[in-house]
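Participant: Here is how the chains run, residue by residue.
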Amino acid sequence: MRVRVLYFGVLKELFACPSEDVEVETGCNVGALRKVFHGRMPHTAWKSMAIAVNQEYAGDEVLLHEGDEVALLPPVSGGAPGNVPWKKIILPSPRTV
Amino acid sequence: MQIAIVREVIDAGSITAALKAGADGAVCVFDGIVRDNTRGRRTLYLDYEAYEEMALNQMRNLAEEAIAKFGVRDIAVVHRLGRLYVGESSVLIAVASAHRGAAFEACRWLIDTLKKTVPIWKKEQFEDGAVWADGEPFPEEIVRG
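Protein chains in written order, with the working numbering: chain F, 689 to 785; chain L, 2 to 146.
There could be a bad hint or two in this list.
In silico lysine-lysine, DSS-like type, Cα no more than 27 angstroms apart, as pairs [unchecked claim]:
{"#": "1", "chain 1": "L", "residue 1": "K117", "chain 2": "L", "residue 2": "K70"}
{"#": "2", "chain 1": "F", "residue 1": "K700", "chain 2": "F", "residue 2": "K723"}
{"#": "3", "chain 1": "L", "residue 1": "K70", "chain 2": "L", "residue 2": "K21"}
{"#": "4", "chain 1": "L", "residue 1": "K117", "chain 2": "F", "residue 2": "K700"}
{"#": "5", "chain 1": "L", "residue 1": "K21", "chain 2": "F", "residue 2": "K723"}
No lab work stands behind these hints, which were simulated from the structure alone.
Turn these sequences into a full structure, and let the hints guide you.
Facilitator: Rendered as structure tokens:
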């Protein structure tokens with residue numbers, strides 16, 4: 689079966705696309721999908737990743753279904769800049785405005 | 002409740018004015034603005050992006066939870082996306098309540114929780130490169146990996 693995987697923040701740049709259709713086995717849960725993606729990205733980006741299924745945060749035990757929208761979410765950082773550590777992912781060059 | 006994600010300037014004055022009612026004794030406002038540096042490194046601008054539908058749902062849920070938890074009367078939560086320059090407001094939270102204590106507490110809880118759970122990210126552009134801000138780790142109940 690197929691699920692649509694959405695990437696946000698640093699992941700969108702790592703995978704160079706906002707989303708992909710991914711073929712998974714029937715009975716696949718969030719934990720299994722997490723393992724698949726774990727191998728595809730650098731450890732730093734994976735730390736404290738959350739997964740949402742159909743726009744709800746989902747634990748590893750949640751089963752996936754055909755057509756589900758699965759979002760891989762790096763730690764969120766909305767609001768005003770806070771006094772928090774910055775991820776050491778330096779992107780190649782400043783984009784010209 | 003006013004819950005919104007916008008791409009234009011957040012008008013703090015009109016949002017706050019619209020929230021006020023006769024029963025209120027206090028309106029507590031948190032206005033999150035873009036700072037000109039991070040640890041001394043000069044910031045040019047921030048680019049905000051969101052998982053928009055989910056972010057809106059989360060913001061709505063947080064506001065409802067805050068009303069129940071702190072007994073405040075009404076809440077506005079407005080977040081801006083896109084490119085923001087130094088001094089511009091990225092998020093505005095306004096809490097109206099009969100008494101100031103609950104308004105302060107609800108406002109603080111809302112911004113702290115928003116920053117941990119609402120799917121919004123920002124990339125900071127410095128003079129010599131860009132980084133995705135590493136937010137606070139997700140609460141345990143969200144990440145069970």
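Participant: Taking the hints in turn, state whether each one holds.
Facilitator: Going down the list of hints, with the structure as the test:
1. Among the hinted pairs, L/K117 with L/K70 is consistent with the structure: their alpha-carbon atoms are about 18 angstroms apart, no more than 27 angstroms.
2. The suggested pairing of F/K700 with F/K723 holds, with an alpha-carbon distance near 18 angstroms, which does not exceed 27 angstroms.
3. Restraint check: the Cα-Cα separation between L/K70 and L/K21 comes to about 20 angstroms, which is no more than 27 angstroms; the hinted pair holds.
4. Between the alpha carbons of L/K117 and F/K700 the distance comes to roughly 20 angstroms, so the proposed pair stays at or under 27 angstroms and holds.
5. This hinted pair does not check out: L/K21 and F/K723 have alpha carbons roughly 49 angstroms apart, beyond 27 angstroms.
Violated hint for the displayed structure: number 5, the only one.
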